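Protein chains in written order, with my numbering: chain A, 1 to 462; chain B, 1001 to 1462.
Calculated directly from the structure, the hints in this document are not laboratory data.
A few of these clues could be false.
What the hints assert, rightly or not - Rough simulated footprint, nothing fancy, chain B against chain A, three-plus residues with beta-carbon under 8 angstroms:
#1 139 to 149
#2 171 to 180
#3 247 to 258
#4 261 to 271
#5 436 to 444
For clarity, every value in this text was computed on a predicted model and none was experimentally measured.
All C-beta atoms in this analysis are idealised placements derived from N, C-alpha and C, irrespective of residue type, glycine included.
There are 2 protein chains.
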Amino acid sequence: MSALGDRGPLLIVGGGIAGAYLAALLGSRGQQVMVFDSRRDPRADDGVGGRSINLAIAERGLAALRRIGLVETVESLAVVMHGRVVHDADRSGVSGMQPYGNLPDEVLWSVDRTAFTCALLDAAEATGNVQTYFRQRCRDIDFDLGLATFADGAQQDLWHQVPFGTVFGADGVASIVRAEVLAVNGGSVRREMLSHRYIEIEIPATTSGGFQIAANGLHIWPRNEFMLIGLPNPTGDFTATLFLEAKGPAPSFEAISAPAEISAFFEEYFPSVVELVPDIVEQYLDAPLGRLGTIRTTGWSYEDRAVLVGDSAHGIVPFHGQGMNLALESASALVDAIESHDDDLAPAFCAFEADRRDDADAIADMAIQNYVEMRDKVNDPDYLLKRQLALRLSDELPAFFRPRYNLVMFSSMPYADAFARGDAQDALLAELVAGCASLDNVDMGTAHERVRALGPLVTRPG
Amino acid sequence: MSALGDRGPLLIVGGGIAGAYLAALLGSRGQQVMVFDSRRDPRADDGVGGRSINLAIAERGLAALRRIGLVETVESLAVVMHGRVVHDADRSGVSGMQPYGNLPDEVLWSVDRTAFTCALLDAAEATGNVQTYFRQRCRDIDFDLGLATFADGAQQDLWHQVPFGTVFGADGVASIVRAEVLAVNGGSVRREMLSHRYIEIEIPATTSGGFQIAANGLHIWPRNEFMLIGLPNPTGDFTATLFLEAKGPAPSFEAISAPAEISAFFEEYFPSVVELVPDIVEQYLDAPLGRLGTIRTTGWSYEDRAVLVGDSAHGIVPFHGQGMNLALESASALVDAIESHDDDLAPAFCAFEADRRDDADAIADMAIQNYVEMRDKVNDPDYLLKRQLALRLSDELPAFFRPRYNLVMFSSMPYADAFARGDAQDALLAELVAGCASLDNVDMGTAHERVRALGPLVTRPG
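All chains should be modelled from the sequences, with the hints used to inform the complete structure.
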């Protein structure tokens, strides 16, 4: 049995959100940790600049941040979102705010990825136990000798070899640590790509730095087969993302490439956005096309020598806003597993994967489903009626009913449990609203009885 | 059927030896090619500096270079090696040169990897059809849209997306293109690591720029379980490599770590090298430990969209000096396959893999076997007797007998055929020398008869 750190230095490869958070958490437990990242230090003057990319922090992320006392700091960097603002296709059509829930904590926090990463790195270093090294690209993990090799980004010919006892692979979807781990443990990696792609578009602030559209909401322009969303930044601008079929007849990224086609596309489907973004054609032309994929892996660890966290273990599409929340919750669960196994790492790592893989698979599936919901259903009358009923039942029977979306976003119920519960609730809602034109036609007595029969919810909001 | 280039731009990911050579060959056929590499341009002032790493160019490499008219250029950068110089364990013990063969072309060319790469890049650009882009790290290959994404090394936030019709993955052992190809074609990758590691040590030139030891040989200090080799540079220095067990009791890299241990190790086993390298202890301490592994893959291509060449398809250990020769021969064979399929790429790529995979596997196995031969057998009396007989038979019956080493190094016989022929010849040699103290005791009449019975060699020196 080898305890955490006994076998040699702890190395985290990847100083993004998962790696920096894990470093902060381990550092706060008194563990000495080294973090290596291939990029420049995002806090340095020559670090990442330019476009901001937003993340929505929900309960699982907040729960993880509570463990390192960072909730207030992060909330101070963020813009709170109380619900969805849905924009119809005509120029003036805004349906108003659809609140996420009726509990005070049922809100999301829109935060810039870089600012958030910087806060996590600061927190990690503030423990006094974490050393960070940037521009160090991992090339090789040698488990036999316990040596990790890094190529120095500043000096091409310089290689560093760092002894380690245990390495944490937080190096993202193209993880080198994962490749090394799978080469020795016989695990697998599978990738499923969507046929849709995305580009990001900045909706600028007003000249006085204010918001052009409602600040405290997640804006959605659903168009059935495609959609645009926008998340607020504290600086008054919004980061918008257009999700659209990659290929085939218009509208698709392939079919919309000439300036006149781009202009016509936005005028037809997003006229209100054209008013907000004067240079929308230029932004479209300049934006790199992003891919949307799910990564599922098996074999997250190798003995007591290595374990994967974050996107290197599980990558999901962004439509549930849960990728970062999943990563933080997983890193937190990893430390729980280590603690509950008294720092005996090999069984702790196995238990961590056994515990988390079903949950990662469940949120991966729910994230794909949520794309259809966001782009196609948020304006659908049946969907809205079921949603009205769901919120009412949630209000009247909070111990028995909560929309799946809210279980995912605003509770810490395991994702796999939320998935199963959501299926049961959805089937029941469909049955209860069948033939009803409005909530007045729903038999609430029967509804209560049937909902209670589902049994009480096990996890309540954190 | 889609011809080369018809479907869209040709993109080579990786501008190392395989990628630069392929670019030069395709460019010389009139194809427009773009080459992207993650490193700095090695020809630029801020490119690779420092240590030189040597490669031994043999017939397969020369044959490939002939196709682009680069043999003379490369030979002018190289030092010719006529044979092995074997050093015994005592201070003065040098067994003299063991020539590689008795034909004038049976020599190897020691060339610096960087200088060679620069020559290939120059040749590629000189075709007028090749554009090179450096510091562009491939992040993603999107086959649906035909877009490759590169992160700009000079400007972290900048991403380029490059349309392509067909992509050639020459991006080495940690190939991104391979990961993308295997994700869509269901292929496999398997890695086998040796328990030995290596470090490089520079044997300096004399103060007047001359060679301290015989210039035109490949020097070997065989010590059974480990060895040191040295290849000459035109600048009078040698690049030496120490191969040694990684772990366990001394001698191993793990057990030899303190300056006194290092000094004692070299004094005991390599006293003649200590005299040549005054700072050998410092060099040992500073050198990164390299790993030795074989990579075997299946699924080298995806439709007419992608194909792997070089280390991304097949990585071998360095003990036969064939890694680069294999890569060049494969790239050349790839272009042959394209030509013989009239530019119909999908079947050409399949035929290329079908043709080359057995050969790649054969040289992978022979390279591992050659380690045992180099470190353990070059001083063995039985080995030397068999080798004497082999050279004599090769001299007397050149159409029927040639040592396997020479078939690999100095002919273009397919590796798999050389492997099989070598097995048959070796069994015969062992039988013929059994009980013989010297060549005088061997029945040469029987030997000739038995050798003729093996049938004529199909491939003669190129």
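Review point. Counting residues of the region 139 to 149 of chain A that have a beta-carbon nearer than 8 angstroms to any beta-carbon of chain B, does the count reach 3?
Key: holds (count 7)
Review point. Checking C-beta pairs, does the region 261 to 271 of chain A have three or more residues closer than 8 angstroms to chain B?
Key: violated (count 0)
Point to revise | Whether chain B covers the region 247 to 258 of chain A (at least 3 residues having a Cβ closer than 8 angstroms to its Cβ atoms) | key: That given contact holds, which follows from 3 residues of the region 247 to 258 of chain A lying within Cβ reach (below 8 angstroms) of chain B.
Check your understanding: Residue count check for the region 171 to 180 of chain A against chain B: does it reach three with CB-CB under 8 angstroms?
Key -> That given contact holds, which follows from 3 residues of the region 171 to 180 of chain A lying within Cβ reach (below 8 angstroms) of chain B.
Check your understanding: Has the region 436 to 444 of chain A got at least three residues whose CB is nearer than 8 angstroms to a CB belonging to chain B?
Key -> Not satisfied, violated; 0 residues make the cut.
The structure fails to meet hints 4, 5 from the earlier list, while all remaining hints are met.
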